[in-house]
Amino acid sequence: MALTGIQIFKLLPKTNCKECGHPTCLAFAMALATGKADLSSCPYVSDEAKEQLAEASAPPVRPMQIGAGDRSFKLGGETVLFRHEKTFISPPGLGVLVTSDTDEGTLAERLKVWDTFQFERVGLNLRPELVAIKDLGGDSGRLATLAKKVVDESDFCLALMSEDVETMKAGIDASIERRPVIYAATKDNVDDMGALAKEKGLPLAVKASDMNGLMELTNKLTDMGVKDLILDSGSRTVRRAFEDQTWLRREAIVKKNRALGFPTITFPCEMADNLDKETVIAAMFIAKYAGIIILSDFIGESLFPLLVERLNIYTDPQRPMTVEQGIYEINGPDENAPVCITTNFSLTYFIVSSEIEASRVPTWLLIMDTEGLSVMTAWAAGKFVGDAVGIFVNKSGILGKVRHKKLIIPGYAAAISGDLEDEVKDSEVLVGPRDAAHITKFLKEFKA
Amino acid sequence: MAFEIPKINYTGKIKEITLGAGSKNATVGGRDCYPFHLFEGNMPHRPIIAMEIWDMEPEGWPEAAIEPFKDVISDPPIWAKKCAEEYGAQIIVVQLKSTDPNGKDRPVDEAAELAKKIVDAVNVPVVFWGTGVNEKDEQVLRKIAEVCEGENLSLAPVGEAVHKGVGASALAYRHTVVASTPIDINLAKQLNILLGNLGVQDEHLLVDPTTGGLGYGIEYTYSIMERVCQAGLTQEDDKLQIPMINNLGNEIWKCKEAGLPKDKMPIMGEPARRAILMEAVGAVCYLLAGSDILIMRHPESIKLAQEMISDLIAEG
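So the sequences go chain by chain: A and B. The first sequence: position 313 = 313 (this note's numbering), numbered continuously. One rule links them: number in this note's numbering = place in the second sequence (from 1) + 1000.
For the record, the hints were derived by calculation from the structure and aren't laboratory data. It is possible that part of the hints are untrue.
Stated by the list, open to error - Simulated restraints, written as ranges between beta carbons of each label pair:
#1 A:LYS406 - B:ASP1120: 45 to 53 Å
#2 A:ALA358 - B:PRO1101: 13 to 21 Å
#3 B:ASP1263 - A:LYS187: 47 to 55 Å
#4 B:ASP1075 - A:THR87: 42 to 50 Å
#5 B:GLU1016 - A:LYS187: 45 to 53 Å
#6 A:GLY201 - B:ASP1263: 19 to 27 Å
#7 A:TYR314 - B:ASN1197: 33 to 41 Å
#8 A:ARG434 - B:ASP1238: 32 to 40 Å
#9 B:ASN1197 - A:GLY382: 32 to 40 Å
#10 B:ASP1075 - A:GLU335: 30 to 38 Å
#11 B:PRO1101 - A:GLN325: 30 to 38 Å
#12 B:ASN1197 - A:SER40: 41 to 49 Å
Claimed, not checked - Residues on chain A that point at chain B, a partial pick, calculated with CB under 7 Å:
#13 ARG239
#14 ASP276
#15 VAL280
#16 ALA287
#17 SER302
#18 PHE304
#19 PHE350
Here a beta-carbon is modelled for each residue, glycine too, at the ideal position from N, C-alpha and C.
Working from the sequences, and respecting the hints, build out all of it.
If you want it as structure tokens, here you go:
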């Protein structure tokens, strides 16, 4: 439960030494309560007070690092129910299920294929994060063998799935460098799994069949000193799983229920009998609150839409997405190809570049840094005006690439034509369409 | 302490709107909780997946989108009939692409004549969706309103620039207005008020928040829709309690990834399945954000979205 300024004040030294930059300890306490100051600014606070304050100011959904290496990712740290209230923080990790009866050769081949699923977009590399290996019983060494294979032949993070502690131990030992997620502690093995997670310092998934069961387990594990927990509420129908995700997020954020303030793990692979259906279930989990999402397979057709959805939903609504300023070559332009100019708002870029591409007209697309503002907004804000665009065009190097000096600007920026012609020597500015949908027609009629 | 379901107190309710007239009708809205939050409220009507057709043989559609309709794609009334009868579409949306002044520029009278034929060919409500070119849209939608008097069609997109003209025709000939604003909650509210002032009753109003494609702005629309739901359901903003409609298929299928051949980008897999899943994933986002009518294109993505709706409301 968050502390008030007065409660925090009681834990401070009350010497009013001002070394924290605030006039009094009370002022500092008030700043701490509203998140405007950091406790480390106080050189004299006691360790005991530090611990209590850290506890009280901890984020409602516990943040943690999953895995190690290139594909390592963060979970938790969420502070809102709806992305527009601030932003979502940690995109859910996407995982694929491998069962312990898979032979190593097959796994090696699949790892190679899965590794190719990396999609470039807005300067980001979109790709899935982990492989979950599920122990089907029988030979207890299989989990370890396959975990080792994943570590040796890929950089995927790992989740190890077994309720048998000895099997889990062997699996962990074979893959400790990748810091696998332990799945799962249940009411039957909680003491041993908890001890194992604590000893190895690994995140531990907790599985129960309802919320009360989850709270019992997390309370027990927290008392044991296991901190990084991941919740599986056990629901495997769409409606129940959707409700559970909603309840868990509300418990953590609205009710400040520490026992449920952890990221979740979900299993579309256990909720449908085909990958298409799993994909739409995963789409629901991306929008609504899952931490880790395990699918039965990775294929490009399904991963691409899910990764793009994840990128979109987890985009910080407070900050526009941008693309890099520069010259973009579309359809192999030559010295007679048209030159189009627009802003670096990522949506503007996507729409314009995809229309140009669809037109099949070889074109130079100049993207100018407008701090992520769209054409009209950038123009209104004085960032996409004649002299600024002119300076950019002159410096961009485009004039050395084409023989003509015709510059095509967005229809909504028609007003800058004159200033732009003044700024770029001998240029002729053509006003393009207002709507990107009409770019094709415009470009087809263009003559250098 | 035993777990108690953390519930929200809602104070508002989405209006119930009936599209169509007589036996050709479909009702949406009436929900008094966030989408699919059935543990704390009611959702008397499922969101409806409407199927789109074009009023001309489509240009630029990927092969996968043409395939299910290839036998009817050059005949809009038959195409509409196939969607309603074979695929069970509860609402047909006609994209008035042929009227685009920058394209085919079909004359107003011809467009309206064809519209009437489509309406007569199906036994479900019809939505007509213009090209966004204000002047032409206004003429076409007003004419369609006139020749289809009393059908309670839904006319879209009705932005501020055309709201008086199209609104007046909708009132005169008894149709529903799709109030369209560019991803902005304040403008959406403002337009609803303007249409109200004009005399358009809430029962004849749908809201088009402007739909972004997957990877092309879906998050903007998604968040505006969640904000609209919040305002209407928890902040007693009765001008934001109007059901929402999303023109999704059109956005998904025109983006380059929906048509990219496998040899251009092998890691994206087969274009047909990829595009179907893109449309279905987009649909899930919009359903969760509060869409009441989702306009989609491919029968297989529609099936996936329908199954998702059923699963989200399934008891037990």
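Status of each hint after checking the structure:
1. A:LYS406 - B:ASP1120: 45 to 53 Å: 50 Å, holds
2. A:ALA358 - B:PRO1101: 13 to 21 Å: 20 Å, holds
3. B:ASP1263 - A:LYS187: 47 to 55 Å: 53 Å, holds
4. B:ASP1075 - A:THR87: 42 to 50 Å: 48 Å, holds
5. B:GLU1016 - A:LYS187: 45 to 53 Å: For GLU1016 of chain B and LYS187 of chain A the Cβ distance comes to about 46 Å; the hint holds.
6. A:GLY201 - B:ASP1263: 19 to 27 Å: Hint violated: Cβ distance 47 Å, outside 19 to 27 Å.
7. A:TYR314 - B:ASN1197: 33 to 41 Å: 40 Å, holds
8. A:ARG434 - B:ASP1238: 32 to 40 Å: 35 Å, holds
9. B:ASN1197 - A:GLY382: 32 to 40 Å: At 35 Å between Cβs, range holds.
10. B:ASP1075 - A:GLU335: 30 to 38 Å: Since the Cβ atoms of ASP1075 of chain B and GLU335 of chain A sit about 46 Å apart, the hinted range of 30 to 38 Å is violated.
11. B:PRO1101 - A:GLN325: 30 to 38 Å: 34 Å, holds
12. B:ASN1197 - A:SER40: 41 to 49 Å: 57 Å, violated
13. ARG239: Hint on ARG239 of chain A: holds, closest Cβ of chain B at ~5 Å, below 7 Å.
14. ASP276: At 6 Å from the nearest chain B Cβ, ASP276 of chain A passes the 7 Å test, so the hint holds.
15. VAL280: 5 Å, holds
16. ALA287: Since the shortest Cβ distance to chain B is 5 Å, the answer is holds.
17. SER302: 6 Å, holds
18. PHE304: 5 Å, holds
19. PHE350: 6 Å, holds
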